[in-house]
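Asks: Sequence:
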Amino acid sequence: MLESLGWVKIKPDSDPATFSQRNIVDNPYKIVLKEMDNAQQVRALPDVDYGLIQGNFAISSGMSLTSALKLEAATSHFINVVTVAGKNQKAQFAKDIIDGYHSAEFKKYILSHPQYDGYLLPDYLK
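For the sequence shown, numbering that gives the first Met the number 0 begins at 0 and goes up steadily by one.
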């Protein structure tokens, strides 16, 4: 996120799963980064200039994703996936779940409730 804003440069071979401040190779604005537990970030906002907060923590704290300075350019890797055991793949309940998520009623519900503004939506809901 900070790199996409142009605030820092990160080593090209950095692994997002193990990322730390050691992966930052240029910090031209001398931003002081404080690592903290994800669950504490919303409460820390009054004490910092900016915060990088995961969407689920922001939403559960009453924040709206549309109030963000910038939202991450998420990929399909971050979309929730509903899975069932292989033996249930063709079961009626599994088909019903898929049909429900792809229904016009579900799309209308998601698009008509402001709490979902800013959410990454699958292509079939756009």
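Note that these hints are calculated values from the structure, not bench results.
Take the hints with a grain of salt, since some may be wrong.
[To be verified] Here are the simulated DMTMM-like cross-link-like pairs (lysine to aspartate or glutamate), alpha carbons at most 20 Å apart as the crow flies:
#	residue 1	residue 2
1	Lys-33	Asp-48
2	Lys-94	Glu-104
3	Lys-89	Asp-116
4	Lys-69	Asp-98
5	Lys-89	Glu-71
6	Lys-8	Asp-25
7	Lys-89	Asp-48
8	Lys-33	Asp-46
9	Lys-89	Glu-104
10	Lys-69	Glu-2
11	Lys-125	Glu-71
12	Lys-94	Glu-71
13	Lys-8	Glu-34
14	Lys-94	Asp-116
15	Lys-10	Asp-25
16	Lys-8	Glu-104
17	Lys-10	Asp-36
18	Lys-86	Glu-71
19	Lys-69	Asp-116
20	Lys-86	Asp-46
21	Lys-125	Glu-104
22	Lys-106	Asp-116
23	Lys-107	Asp-122
24	Lys-10	Asp-95
25	Lys-33	Glu-2
26	Lys-10	Glu-34
[As the list claims (entries may be wrong)] Label pairs and their computed distance ranges (CB to CB):
#	residue 1	residue 2	range
27	Gly-85	Gln-114	30 to 38 Å
28	Leu-120	Leu-44	48 to 56 Å
29	Lys-8	Ala-103	40 to 48 Å
30	Leu-64	Ile-97	21 to 29 Å
31	Lys-10	Ala-67	21 to 29 Å
32	Ile-58	Ala-93	35 to 43 Å
Remember, it's a predicted structure, so these values are computed and weren't measured experimentally.
Just so you know, even glycine gets a beta-carbon here, dropped at the ideal spot from N, CA and C.
Asks: For a quick check of understanding: which of the numbered hints are violated here, in increasing order?
Replies: Failing hints, ascending: 3, 4, 5, 7, 9, 12, 14, 16, 17, 18, 20, 24, 28 and 32.
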